[in-house]
Amino acid sequence: GAVVSQHPSWVICKSGTSVKIECRSLDFQATTMFWYRQFPKQSLMLMATSNEGSKATYEQGVEKDKFLINHASLTLSTLTVTSAHPEDSSFYICSAQGGLASNNEQFFGPGTRLTVL
Amino acid sequence: GDSVTQMEGPVTLSEEAFLTINCTYTATGYPSLFWYVQYPGEGLQLLLKATKADDKGSNKGFEATYRKETTSFHLEKGSVQVSDSAVYFCGISSGSARQLTFGSGTQLTVLP
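Taken in order, these protein sequences are the chains called A and B. Counting from 1021, one number per residue, gives the positions in the first sequence under this note's numbering. Counting from 592, one number per residue, gives the positions in the second sequence under this note's numbering.
Among the hints, a few may not be true.
Claimed, not checked - Simulated crosslink set (SDA-like; lysine to any residue; CA at most 20 angstroms straight-line): (1) B/K659 <-> B/L604; (2) A/K1061 <-> B/G600; (3) A/K1061 <-> B/S695; (4) B/K651 <-> B/T662; (5) A/K1040 <-> A/K1061; (6) A/K1040 <-> A/S1025; (7) A/K1061 <-> B/K640; (8) B/K640 <-> A/A1022; (9) A/K1086 <-> B/S695; (10) A/K1061 <-> B/K651; (11) A/K1034 <-> B/K659; (12) A/K1061 <-> B/A608; (13) B/K640 <-> A/V1082; (14) A/K1061 <-> B/K659; (15) A/K1040 <-> A/V1082; (16) A/K1061 <-> A/D1108; (17) A/K1061 <-> B/Y621; (18) A/K1075 <-> B/G600; (19) A/K1040 <-> B/D675; (20) A/K1061 <-> B/T619.
None of these hints come from the bench; they were simulated from the model. Quick caveat: nothing in here was measured; it's all calculated off a predicted structure.
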């Protein structure tokens, strides 16, 4: 089946630093990737949708200058949390969609836990 | 916009008990419906799905039927196991972008 990986699985950083999270589709080409954020005991909230080779579309209330998304290839998307602060601590999950061939099903990565001190 | 209302948890059951987790939705058009499961510290795994009215999705003993008339997609399992303990999310996908909208999640704990 379709596999999506995320790296790192967890990261701890100091306030004010930037953190990059990678999302890779390992065995299919992902025309669209989604980034979600999940707070403890809550549901996933969509942050942005990115299509390969174009700018990401951010959901209302998500700062595009703070959460930089790059989808430069059909197998890789990155989320960079710039100037991270403790309130950015969360579980970040990506998903990848392979277009019509996959019936537009989303395949989820295992998530990255970010802790900002 | 699309929305999903899911039964609040937590739900605690004894092993071999019957499970129902209610899910209703509002959406434009004809959405696809999903149930995902999340184990502690992990991402989401697709449990089952249904893409049109009256379809029944099933996997690992779990079932859910796409009920267009009641806009529902309730998850059921006849006999739960301890290993079923996880958080379950109901989700819908519609529109050209096929974005997923999730319910709030239901924590299930199965006791031996």
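Satisfaction of hint between B/A608 and A/K1061, Cα-Cα up to 20 angstroms: It is violated: about 24 angstroms lies between the C-alpha atoms, which goes past 20 angstroms.
Pairwise hint evaluation, B/T662 against B/K651, where the allowed Cα distance is 20 angstroms at most: With Cα atoms ~24 angstroms apart, B/K651 and B/T662 exceed 20 angstroms; violated.
Restraint check for B/K640 with A/A1022, where alpha carbons must lie at most 20 angstroms apart: 16 angstroms, holds
Pair hint outcome, A/K1040 versus A/S1025 [Cα-Cα no greater than 20 angstroms]: 14 angstroms, holds
Proposed proximity, A/D1108 with A/K1061 (alpha carbon, max 20 angstroms): Between A/K1061 and A/D1108 the Cα gap is close to 16 angstroms, so the pair holds against 20 angstroms.
20 angstroms limit on alpha-carbon distance, applied to hinted pair A/K1040 and B/D675: 33 angstroms, violated
20 angstroms Cα cutoff - pair A/K1061, B/K651: 24 angstroms, violated
Given pair status - B/K659, A/K1034, alpha carbons within 20 angstroms: Cα-Cα ~49 angstroms, so violated.
Restraint status (C-alpha distance of A/K1040 to A/K1061 at most 20 angstroms): The hint is violated at about 24 angstroms.
Proposed proximity, A/V1082 with B/K640 (alpha carbon, max 20 angstroms): Outside the cut-off at roughly 29 angstroms; violated.
Proposed proximity, B/K640 with A/K1061 (alpha carbon, max 20 angstroms): Since the Cα atoms of A/K1061 and B/K640 sit roughly 23 angstroms apart, the hinted pair is violated (cutoff 20 angstroms).
20 angstroms limit on alpha-carbon distance, applied to hinted pair A/K1086 and B/S695: 26 angstroms, violated
In terms of the numbered hints stated before, the structure departs from hints 1, 4, 5, 7, 9, 10, 11, 12, 13, 14, 17, 18, 19, 20, listed from lowest to highest.
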